[in-house]
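Engineer: Take these sequences, add in the hints, and give me the full structure.
There are 2 protein chains.
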Amino acid sequence: MPELRKDPISGRWVIISVERGKRPTDFISPSQKRKAGGFCPFCPGNEHTTPPEIIAFRPASTPPNSPGWTLRVLPNKFPALQIHGDLNKRGEGVFDMMNGIGAHEVIIETPDHQLSLSTMSQRAVEDVLWAYYFRLTDLKKDIRFKYVLIFKNEGEVAGASLEHSHSQLIALPIVPKTVREEMESSKKYYDSKERCIFCDIISQELDSGKRVIYENDRYVALSPFAPRDPFETWILPKNHESYFYPPDKSFASLAEILQRILKQIDKVLDMPPYNFILHTSPFKEEMNDYYHWHLEILPRLTRRAGFEWGSGFFINPTPPEEATKFLREAKI
Amino acid sequence: MPELRKDPISGRWVIISVERGKRPTDFISPSQKRKAGGFCPFCPGNEHTTPPEIIAFRPASTPPNSPGWTLRVLPNKFPALQIHGDLNKRGEGVFDMMNGIGAHEVIIETPDHQLSLSTMSQRAVEDVLWAYYFRLTDLKKDIRFKYVLIFKNEGEVAGASLEHSHSQLIALPIVPKTVREEMESSKKYYDSKERCIFCDIISQELDSGKRVIYENDRYVALSPFAPRDPFETWILPKNHESYFYPPDKSFASLAEILQRILKQIDKVLDMPPYNFILHTSPFKEEMNDYYHWHLEILPRLTRRAGFEWGSGFFINPTPPEEATKFLREAKI
Numbered sequence: 001m002p003e004l005r006k007d008p009i010s011g012r013w014v015i016i017s018v019e020r021g022k023r024p025t026d027f028i029s030p031s032q033k034r035k036a037g038g039f040c041p042f043c044p045g046n047e048h049t050t051p052p053e054i055i056a057f058r059p060a061s062t063p064p065n066s067p068g069w070t071l072r073v074l075p076n077k078f079p080a081l082q083i084h085g086d087l088n089k090r091g092e093g094v095f096d097m098m099n100g101i102g103a104h105e106v107i108i109e110t111p112d113h114q115l116s117l118s119t120m121s122q123r124a125v126e127d128v129l130w131a132y133y134f135r136l137t138d139l140k141k142d143i144r145f146k147y148v149l150i151f152k153n154e155g156e157v158a159g160a161s162l163e164h165s166h167s168q169l170i171a172l173p174i175v176p177k178t179v180r181e182e183m184e185s186s187k188k189y190y191d192s193k194e195r196c197i198f199c200d201i202i203s204q205e206l207d208s209g210k211r212v213i214y215e216n217d218r219y220v221a222l223s224p225f226a227p228r229d230p231f232e233t234w235i236l237p238k239n240h241e242s243y244f245y246p247p248d249k250s251f252a253s254l255a256e257i258l259q260r261i262l263k264q265i266d267k268v269l270d271m272p273p274y275n276f277i278l279h280t281s282p283f284k285e286e287m288n289d290y291y292h293w294h295l296e297i298l299p300r301l302t303r304r305a306g307f308e309w310g311s312g313f314f315i316n317p318t319p320p321e322e323a324t325k326f327l328r329e330a331k332i
Numbered sequence: 001m002p003e004l005r006k007d008p009i010s011g012r013w014v015i016i017s018v019e020r021g022k023r024p025t026d027f028i029s030p031s032q033k034r035k036a037g038g039f040c041p042f043c044p045g046n047e048h049t050t051p052p053e054i055i056a057f058r059p060a061s062t063p064p065n066s067p068g069w070t071l072r073v074l075p076n077k078f079p080a081l082q083i084h085g086d087l088n089k090r091g092e093g094v095f096d097m098m099n100g101i102g103a104h105e106v107i108i109e110t111p112d113h114q115l116s117l118s119t120m121s122q123r124a125v126e127d128v129l130w131a132y133y134f135r136l137t138d139l140k141k142d143i144r145f146k147y148v149l150i151f152k153n154e155g156e157v158a159g160a161s162l163e164h165s166h167s168q169l170i171a172l173p174i175v176p177k178t179v180r181e182e183m184e185s186s187k188k189y190y191d192s193k194e195r196c197i198f199c200d201i202i203s204q205e206l207d208s209g210k211r212v213i214y215e216n217d218r219y220v221a222l223s224p225f226a227p228r229d230p231f232e233t234w235i236l237p238k239n240h241e242s243y244f245y246p247p248d249k250s251f252a253s254l255a256e257i258l259q260r261i262l263k264q265i266d267k268v269l270d271m272p273p274y275n276f277i278l279h280t281s282p283f284k285e286e287m288n289d290y291y292h293w294h295l296e297i298l299p300r301l302t303r304r305a306g307f308e309w310g311s312g313f314f315i316n317p318t319p320p321e322e323a324t325k326f327l328r329e330a331k332i
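Protein sequences, first through last, are from chains A and B. Position 238 of the first sequence, counted from 1, bears residue number 238 in full-length UniProt numbering, the numbering being contiguous throughout. Position 213 of the second sequence, counted from 1, bears residue number 213 in full-length UniProt numbering, the numbering being contiguous throughout.
Just so you know, the hints here were simulated from the structure itself, not pulled from any lab data. All values reported here derive from a predicted model rather than from experimental measurement. Hints are not guaranteed to be accurate.
A pair counts as met if it fits within one copy or between any two copies, since identical chains are not told apart.
To be verified - Computed list of lysine-lysine pairs in BS3-like fashion (alpha-carbon distance at most 30 Å, straight line): (1) K284 - K177; (2) K6 - K141; (3) K140 - K22; (4) K284 - K187; (5) K141 - K267; (6) K210 - K89; (7) K89 - K22; (8) K284 - K6; (9) K77 - K193; (10) K177 - K193; (11) K263 - K6; (12) K238 - K177; (13) K77 - K22; (14) K146 - K187; (15) K89 - K177; (16) K325 - K140; (17) K146 - K35.
Structural biologist: See below:
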């Protein structure tokens, strides 16, 4: 019997096809192994072909926009939003609009074209997380921005136009719908229970254990109860943290769990394309009791280009309890 | 300057990249021309390979599940939901779930493997709409069901696993998130203005004309103000109609506008893959003053598999005003 499950935060319903539960080998998606050759604007030596870097991790002896860096953050060469100008919020009858003001940046995670987040050093993953944090902290100062969306598209199927490992961020003058909904829903739960809904979920999941993939001292990785996609994985801080920051000024534990999960996903699903999205509180309400920042990782295994787009309703052929087992048992 | 536009019903924001506005020829997507040869379970003569038909349009002289039909409705051979059983709604701590009870049906729109909704006769399109209506009316009698999602995936990229032209329906014991949100949002608008928000939009669009692709006596086709996708098109009744039904017992006008729009899309975008989804009021509140049924057509031109999934935030490289012009001027 298939199951209908509801995600308690977003309120979306998902069909979990328990009987025809799909195993990892049932999914055919292009493996994201790096190819050799070809010109890459993100490789060292080609710094002059990109917009000038905003920040870079590099020895003090090397000048900006020259080789020697270990990580670079740049404006996107083809930005979806424009950094200069006024918002000019306006209406057109029943419609609302504003100028497309915002920042669109690229985080080049490594100088080595062959590496991915799962194969680079753990220290390099820490640096990626620091880059996210530094950019968030800097963009927060611009009063035009209400939210920064940090995400990664790994693989062409997942929307990456360049193979060289990178993440992106988009600073927005509005709070995106999904984030706003999550905030409202978790606030409503808090208003009724005086508890964070994510904290309750984490506590229940750690008790039952059946959807817990891995935990370390500070974070837990789990298959959500009502995942949209096979092998969807969330990483959350075990303690209540409403926004993304380095506890005790360290991202070591977060880098450890993130890289471990990505290695497990690579192992079980043969380096699938994936997206991840950082969910954190909007700038104006960073410190709060009801929202809990987390990272949602969505492997791109099924062609979800169908009715799911328009209906907010999903069919997932792999129960999260089975996905958990496969990931947990992966020999990495 | 790019624009940030808000869809007034869903509340989602979309970036419209005005400057690098993409023209139809900028999109490369696989053309959905029919291939010849190969076994097709939906072709006449192969009726025994499908589950028995629920209804069919066929001469009285032909027995069920034999050739001679012009349209067939069948249970999906691999249903996402199961028709028999109880809902058994239950909780698991903070989570909610129920048995996956529902109907999953396929509407085979034509016996001719080579035809699509845009190339079959207009009368055949009318029959497809009648089939939707008959199934809705029948499934409404099952008190377990709250909503029927009717949709079409045209082309493999859009999620179709078989080429032979067909639509699908899923009867659900819950109202999907997107529908519930649209109902709540339009009810809120009505509570404040005593008007249907869709009626207001239609009136404004017909006045300005800049996003109106086509209208006939009863329906209008327009590019929404804040489309998620290039060439996204909505078809709506011009008068207030809260749920999908045949006014004056005829679907002739609806078939005319639907087929015309699909022909224009095929012409301008070279038979792209697409999805359409029927948005109608849930069974329990079919007759109401605030919601307005409509059809949303979403050509699959861009690889939207990126961060849009998780953020509810979209980047659309084609302004709807330009899409409107291209579609309006298509010589069909």
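Engineer: All hints, please: hold or fail.
Structural biologist: Here is how each hint holds up against the structure:
Taking identical chains as interchangeable, the C-alpha atoms of K284 and K177 lie at most 30 Å apart whether they share a chain (16 Å) or sit on different chains (27 Å). Taking identical chains as interchangeable, the C-alpha atoms of K6 and K141 lie at most 30 Å apart only when they sit on different chains, with a minimum of 25 Å there against 37 Å within one chain. For the homomeric pair K140 and K22, neither the shortest alpha-carbon distance inside one copy (43 Å) nor that between copies (32 Å) is at most 30 Å. Proximity of K284 and K187 under a CA criterion of 30 Å is satisfied in both settings, with 15 Å inside one chain copy and 29 Å between copies.
Taking the closest pair of Cα atoms, K141 and K267 never come within 30 Å of each other, the shortest separation being 41 Å inside a single copy and 48 Å across copies. Within a single copy, K210 and K89 get their C-alpha atoms only as close as 48 Å, which misses the 30 Å cut-off; across copies the closest is 21 Å, which meets it. Within a single copy, K89 and K22 get their C-alpha atoms only as close as 48 Å, which misses the 30 Å cut-off; across copies the closest is 25 Å, which meets it. For the identical chains of this complex, K284 and K6 are neighbours both inside a copy (29 Å) and across copies (21 Å), given an alpha-carbon limit of 30 Å.
For a Cα distance limit of 30 Å, the shortest separation of K77 from K193 qualifies neither inside one copy, at 47 Å, nor across copies, at 44 Å. Taking the closest pair of Cα atoms, K177 and K193 come within 30 Å of each other both inside a single copy (24 Å) and across two copies (23 Å). Taking the shortest alpha-carbon separations for K263 and K6, only the intra-copy value of 29 Å comes in at or below 30 Å, while the best inter-copy value is 39 Å. Proximity of K238 and K177 under a CA criterion of 30 Å is satisfied in both settings, with 26 Å inside one chain copy and 29 Å between copies.
Only between protomers do K77 and K22 lie at most 30 Å apart by alpha-carbon distance; the minimum there is 17 Å, versus 40 Å within a single protomer. Taking identical chains as interchangeable, the C-alpha atoms of K146 and K187 lie at most 30 Å apart whether they share a chain (18 Å) or sit on different chains (28 Å). Proximity of K89 and K177 under a CA criterion of 30 Å is satisfied in both settings, with 18 Å inside one chain copy and 29 Å between copies. For a Cα distance limit of 30 Å, the shortest separation of K325 from K140 qualifies neither inside one copy, at 40 Å, nor across copies, at 40 Å.
Taking identical chains as interchangeable, the C-alpha atoms of K146 and K35 are never at most 30 Å apart, the minima being 38 Å within one chain and 50 Å between chains.
The structure fails hints 3, 5, 9, 16, 17 (numbered hints given earlier, in ascending order).
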